[in-house]
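Asks: Following the hints, position chain B against chain A.
There are 2 protein chains.
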Amino acid sequence: MVKKVGVAILGLGVVGGGTYKTLVEHHDFYLKTQKVDITVQLVLDLSKERMDELGVPQECRATSIEEVLANPQVDIVVETIGGIGAAKNFVQAALREGKTVVTSNKELICKYSHELEDMAKRKGCGLYYEASCVGGVPIIRTLLDGLQANRIEKMMGIVNGTTNYILTKMSNGGANYEETLKEAQRLGFAEFDPTNDVEGFDSTYKLSILSSMAFHTKVPYMNIFREGITGLSGEDIAYGKEMGYTLKLLAIGKQSEKGIEARVHPTFIPSSHPLAGVNDSFNAVYLTGDTVEDIMLYGRGAGALPTASAVVSDVIHAATHSDIKYSTFKNKETAERGVKFVADFSSAYYLRLSVEDRAGALAKISGIFAKYGISLVEVVQKGKTNDKEEPKVLLIIITHQTTERAVNHAVAKINETELATVDALIRVEK
Amino acid sequence: MVKKVGVAILGLGVVGGGTYKTLVEHHDFYLKTQKVDITVQLVLDLSKERMDELGVPQECRATSIEEVLANPQVDIVVETIGGIGAAKNFVQAALREGKTVVTSNKELICKYSHELEDMAKRKGCGLYYEASCVGGVPIIRTLLDGLQANRIEKMMGIVNGTTNYILTKMSNGGANYEETLKEAQRLGFAEFDPTNDVEGFDSTYKLSILSSMAFHTKVPYMNIFREGITGLSGEDIAYGKEMGYTLKLLAIGKQSEKGIEARVHPTFIPSSHPLAGVNDSFNAVYLTGDTVEDIMLYGRGAGALPTASAVVSDVIHAATHSDIKYSTFKNKETAERGVKFVADFSSAYYLRLSVEDRAGALAKISGIFAKYGISLVEVVQKGKTNDKEEPKVLLIIITHQTTERAVNHAVAKINETELATVDALIRVEK
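Residue numbers (our numbering), protein chains in the order written: chain A, 5 to 434; chain B, 5 to 434.
Only chain A is shown next, with the shape it has when bound in the complex:
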């Protein structure tokens, strides 16, 4: 019993093109292994060149969204345009027509999943977005239908390939941020305007989607603490390495009795941690559940084919399941009330200070940490700064677990002393 399913693809960029190729080349394979006959009925893209390049037949080239939605052969609409302009309008229009939507659009899902899921539910169609997070890694399906026996307590993810590529190069070569970014741009690992990646926005969207699923409640991206990698110095990466830490841009979500904590920032993790070995443009998500304990999913977080793998897996899932089971927030009503977000989170900290080479300076600084209840794990003197007239002592401090507020207070107080300045602050996770 073979099921026939027609697909339309909106947007033939990297992911859309990969999806088109994958569906066309695997047609017979899916027929055989999944008993489903999936054909691309229509493709919508402004670029004729791109259509030619991919060999899209003339009869499959749509000229408007209306043409796509009016076609009764189109059961599933794949949206791979990105952003929240046309993409949002098209997805809403498709759902209104009762077409199932598969999208790779993290910003759209992060910002509008609630209303889109409501629309899908009303119309009895599906809304799938595995490809919106961590490329080919089926992390969303795993959270929904693989780890559902668990209360997820903690999630730590390397969910952005561009920044992981830059940090890996900085860790290996000691080059600085600006140089490494330029190299990444030359090689196509970073965009011309890299803000979305390097400032952590992209990771924030993904953390919002994933932690919402993991914690069974909406985690709005506005509630996520965010710090990018633009301020990092190769110096700190090297010092951390010597002390057994690797620097990664982590998306961290935690749920406890205190509430939900969600944050994206450069983080030192022990170099023996499985996430420390996730290099270059690879991504990974490390989860801790109350039943499964620790688990990690690792793979390509981006790229035409890996992301197409997620899009097409959603298409096959939608085509072979009559159940619509992708509504994330079964407990939406309860969830939207009374969820507490922890702003003053706990962490350990790495700090780099330049300190006047004067008797009593260290005692003064230690005193300030003590005053704010911060105890220190390690204090290492790293020689003198390059400042010729008045060389200063370079000090690396690693603290025990404390709070963001306490550290910020201590840093402000230290800077006030005029004995020392805090030149770098990096959070540390164990």
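Hints were generated in silico from the structure; no laboratory data involved. Check the hints yourself; a few may be wrong.
Remember, identical chains collapse to one label, so a pair may be satisfied in a single copy or spanning two.
Derived pair list, reagent style DMTMM-like, types lysine to aspartate or glutamate, alpha-carbon separation capped at 20 Å [as the list claims (entries may be wrong)]:
#1 Lys25 x Glu297
#2 Lys344 x Glu157
#3 Lys386 x Glu360
#4 Lys36 x Glu157
#5 Lys434 x Glu297
#6 Lys39 x Glu121
#7 Lys36 x Glu261
#8 Lys36 x Glu121
#9 Lys39 x Asp122
#10 Lys245 x Asp427
Replies: Chain B in isolation, oriented as in the chain A frame:
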């Protein structure tokens, strides 16, 4: 709309006990997050003590399988007995009654999945076995419903915790196999009779199940090449380490135009490979698909709660899906004919030889390798053997990719020369 589901658990061992605890403790959590009211109706176990220990209420204690199957409140039967004696009879009886079965039994599924799936299909009930492979890691669901867009080309798994624990200790401490096994037994990481684990049978069962799913055709365990870890020496692990390799017991499956290749044996992999960092009793599966490229799933391969996570996820899946979608071999008819299994597989090899300290010996040996078309990547002399009367030269050789047959011929020929003996042979994967 809450669905009510009754569960019976057969066998309260490690996994059965973990499953009981997980279901009882998470009852309200599943009600809230999954909208399903799962209650343990009956438990069947010979040990009254174990029932007491877990606090199973009197009215939930069954005394026979007939009692369990006759109970109309029991929708799902969880089998956590293991082996193919009572477990097989009970699972068959449950399916005959039209009860959905969730099992953690790898031997049963490996050997009888075909007939059990046929029974389930005839009766319109489900057969689920996520917990049979790699404990809490949802590898089966991922293969069925996460990577289905892919032709899986290669699978490499560390799927047995006992052997990975032993090999990790041997790699770190340099202790020999016998000592390490004893320590593992003392700590509960190895059974009193460890044959099933250390000889690779357990890995073979799991590889049979996983590669059957990955390659969409039955891969019978009899077709899997198997070599255990009992013959390994700490010496080779140390030499390999120096040369940049880590030793793991890998379950390897490959599919290409030549056919399917499935094998379980100790394997050197580059120490930079993500699998090389999978230590102690952790497990992982590394997959290569034609679309997703490389992906790895990592987690606890055994233990009461991690395995219960898989059992309970199956229970929830069965309870919340009306689709019965667990039949592995949609293309069974085609699959059972014409599948070719590659016996003479290709690999690179690590060889340790003791060679007479005589002119021309190395030339002779090199000549034998050349005769069988085997080219060498590295030849390293490691000093002399301890043999006082007639010390021999210790030689480590790493070959390029060649075939099992060629290497076996070459080894036999070298041993015939009386100039040298091959004392260790370990396959190498890149």
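Asks: A separate judgement is required for each hint: does it hold in the structure or not?
Replies: Outcome of the hint check:
1. Lys25 x Glu297: This pair counts as between: shortest inter-copy Cα distance 15 Å, intra-copy 38 Å.
2. Lys344 x Glu157: Within one copy, since 15 Å is at most 20 Å while 46 Å is not.
3. Lys386 x Glu360: Intra 13 Å, inter 54 Å, cutoff 20 Å: intra-copy only.
4. Lys36 x Glu157: Intra 40 Å, inter 17 Å, cutoff 20 Å: inter-copy only.
5. Lys434 x Glu297: within (15 Å within a copy, 30 Å between copies)
6. Lys39 x Glu121: Answer is between: at 17 Å across copies they meet the 20 Å cutoff, but 28 Å inside does not.
7. Lys36 x Glu261: Answer is between; shortest inter-copy Cα gap is 17 Å, intra-copy 49 Å.
8. Lys36 x Glu121: between (32 Å within a copy, 19 Å between copies)
9. Lys39 x Asp122: between (30 Å within a copy, 18 Å between copies)
10. Lys245 x Asp427: within (18 Å within a copy, 40 Å between copies)
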